[in-house]
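> Chains as they are written, first to last, in the working numbering: chain A, 92 to 212; chain B, 473 to 888.
The hints are simulated quantities; they were obtained by calculation from the structure and are not laboratory data. Idealized CB from N, CA, C, for every residue including glycine. Just so you know, not all the hints are guaranteed correct.
Stated by the list, open to error - Covered by chain B, per the in silico footprint, the following chain A stretches (three or more residues, Cβ under 8 Å): (1) 138–147; (2) 155–167.
To be verified - With the C-beta cut set under 7 Å, the calculated list includes, among others, these residues of chain B facing chain A: (3) LEU479; (4) VAL480; (5) THR481; (6) ASP482; (7) GLN483; (8) ASP485; (9) THR487; (10) GLN503; (11) LEU567; (12) THR568; (13) ARG770; (14) ASN773; (15) LEU814; (16) LEU838.
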Amino acid sequence: MQEYRICGRDEIPDGGVRIVDMGDLEIGVIRQGGKLYAYRNLCPHQGGPACEGVRMPRVFDNVDADGRFIGQEFDEGELHIVCPWHGYEYRLSDGVNVCDAQLKLRKYEVEERDDDVFLRV
Amino acid sequence: MNTHERLVTDQRDLTSEPFDTRTHLRHARQQAEARGYDEFFIVDVDSHHYENEASTEIASYVRNDVLRNEILYQGISRKGITTGFGQYQDLGGRLTRYPNRKKEAVPETPHRDVTLMRRWMDAMGVDVACMFPTPLLNLGLSPRVDLEVELAFGYNRWLCERVLSQDRRLKSMLYLPFNDPEACPKIIEEFGDHEGVIGFMVTTTRYKGVYDNAYLRTYRMLEERGLPLGFHTGLGGQEPGLSTAANRFLVLHALGFAWHNMVHLSNWVINGLPERFPKLNVMWIEAGLAWIPFLMQRLDNEYMMRSSDAPLLKKKPSEYMRDMFYTSQPMEMVDNREALELTFKMMGAESQLLYSSDYPHWDMDLPSTIYDLPFLSETAKRNILGGNAARLFGLEPELSGWKKERQQQKQEAVAV
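Could you put the whole structure together from the sequences, leaning on the hints where they help?
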């Protein structure tokens with residue numbers, strides 16, 4: 092495993108993404124809610140640039156104890172990475188697809204030290 | 473642990489990066505190069521543009537003053553989610569090309585649609601694309617027959633003059649205003665010989681039966697001219713049976729797109745139209761593939777018990793279905809490899825299936841959806857990706873610019 096300095100801390104604003112191209116490997120470095128995440132920028136569905144889309148909260152059907160549908164709501168506690176090609180959704184926290192846990196975005200270690208962002212590959 | 477940057481070849485800051493189709497589809501281009509698409513011809517038989525963005529231009533081609541004024545006033549587009557038509561297919565902003573497409577910068581010439589088509593085609597490795605409209609796909613459900621006729625003429629005139637004539641890589645099967653059977657032959661007469669016109673298209677989101685004697689002249693004209701007739705399905709969001717029962721887009725789309733083609737294909741076969749027009753090539757567009765084996769089995773089973781309902785038939789319905797052509801997208805590919813392989817076998821996919829992307833719509837398929845199928849031979853892949861379309865439409869298999877350049881580079885490398 093090697094470590095690479097990617098950019099300065101201020102160069103990825105909250106909600107921002109930096110795509111790091113390393114030859115045949117692209118990694119998306121995402122800052123969301125003050126935390127950094129790094130995933131391979133490749134959707135296992137049709138190969139879309141998964142990290143280049145939006146982040147959206149999980150949607151859930153609010154159903155009460157009697158089984159009555161109340162409405163749809165956002166779960167702000169669970170953000171998803173959404174592949175911009177077809178809408179496949181992956182949990183921001185671990186890169187696992189929300190419909191099929193067999194599908195995952197490959198995760199990489201990323202951290203901030205001093206004023207810089209470092210990626211371990 | 474070493475700290476260095478020597479392997480990072482490029483970085484893109486998405487915060488400030490404008491939307492561009494070529495960037496959006498960069499991975500598609502990588503797939504095209506990795507799979508050697510430059511070695512063979514690829515045709516996309518069902519792609520789209522957003523003619524509603526050119527509503528003002530199209531209006532100027534509509535000859536009826538009243539309707540032209542109406543189009544100028546309210547545009548062609550549907551009116552969004554408040555219409556109750558289930559129109560939220562862009563997934564609430566999750567698919568970035570929907571909101572960002574309008575911001576994409578293009579040169580002043582050629583026409584914007586030509587530039588956008590070329591960009592995604594080159595990214596995917598598509599050499600020739602048959603383009604269809606988007607909102608107009610639902611026009612057949614409008615009770616305003618005069619509007620359908622005027623818009624069909626106006627749209628077709630505009631498409632031929634402003635788009636198809638600009639690039640021979642762009643083709644279309646032109647819109648037939650099927651609610652007016654007398655207008656259809658006039659459309660074929662006026663546009664049938666125009667550059668880029670490779671057939672005609674009927675949207676299946678409509679109530680008119682394809683068996684009506686009123687359409688015989690249209691079918692005969694197409695058969696005599698050797699022009700295929702395509703049936704393009706749609707959502708049918710304003711179709712009462714589906715839209716009143718399905719409250720979510722997923723249901724409406726999953727069922728609607730298959731349903732409308734199933735209705736009209738069944739009518740086509742059971743009324744004996746393949747026997748009455750044996751040389752007319754018919755194609756079913758954008759309903760995916762899973763419905764085909766279902767319908768083959770259903771129709772064969774019932775035909776054996778009720779042949780008096782279909783006395784013109786000389787063979788089973790599934791055999792007529794195997795003579796027809798189908799586009800591939802949206803190909804059902806989740807955990808169903810065996811079913812997909814059987815589907816290909818039942819429909820005779822190697823000669824009857826034609827690749828389609830449906831780009832830029834939300835459920836688009838790349839050529840790799842066909843190319844990566846493990847049960848197809850290289851010949852079958854190439855037939856489905858382009859050879860079948862070249863034969864059906866009489867297309868010259870000319871490769872696009874970047875493919876020719878890549879081939880030349882390869883030849884030069886070998887020579888060195």
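> Quick check on the hint: B:ASP482 CB to chain A CB, less than 7 Å?
This hint holds: B:ASP482 lies near chain A, its Cβ roughly 4 Å from the closest one there, short of 7 Å.
> Is the interface hint for B:ARG770 satisfied, with its Cβ closer than 7 Å to some Cβ of chain A?
29 Å, violated
> Please verify the coverage claim for the stretch 138–147 of chain A: does it have three or more residues whose C-beta sits within 8 Å of some C-beta in chain B?
holds (count 7)
> Given a cut of 7 Å on the nearest C-beta pair, is the interface hint for B:ASP485 held or broken against chain A?
6 Å, holds
> How about B:LEU567: closest beta carbon in chain A under 7 Å, or not?
Result: holds, 6 Å to nearest chain A Cβ.
> Was the hint right that B:ASN773 lines chain A, CB cutoff 7 Å?
Where the cut-off is 7 Å and the nearest Cβ of chain A is about 34 Å from B:ASN773, the hint is violated.
> Closer than 8 Å Cβ to Cβ for three or more residues is the test here. Does the stretch 155–167 of chain A pass it with chain B?
violated (count 0)
> Using 7 Å as the Cβ threshold, decide whether B:LEU479 counts as touching chain A.
5 Å, holds
> Can we keep the B:LEU838 interface hint, with Cβ of chain A closer than 7 Å?
This hint holds: B:LEU838 lies near chain A, its Cβ roughly 5 Å from the closest one there, short of 7 Å.
> How about B:THR487: closest beta carbon in chain A under 7 Å, or not?
Hint holds; B:THR487 Cβ to chain A Cβ min 4 Å, cut 7 Å.
> Tell me if the interface restraint on B:THR481 is satisfied: Cβ within less than 7 Å of some Cβ in chain A.
5 Å, holds
> Next item in the hint list is B:LEU814. Is there a CB on chain A closer than 7 Å to its CB?
22 Å, violated
Checked against the numbered hints given earlier, this structure breaks hints 2, 13, 14, 15; the rest are met.
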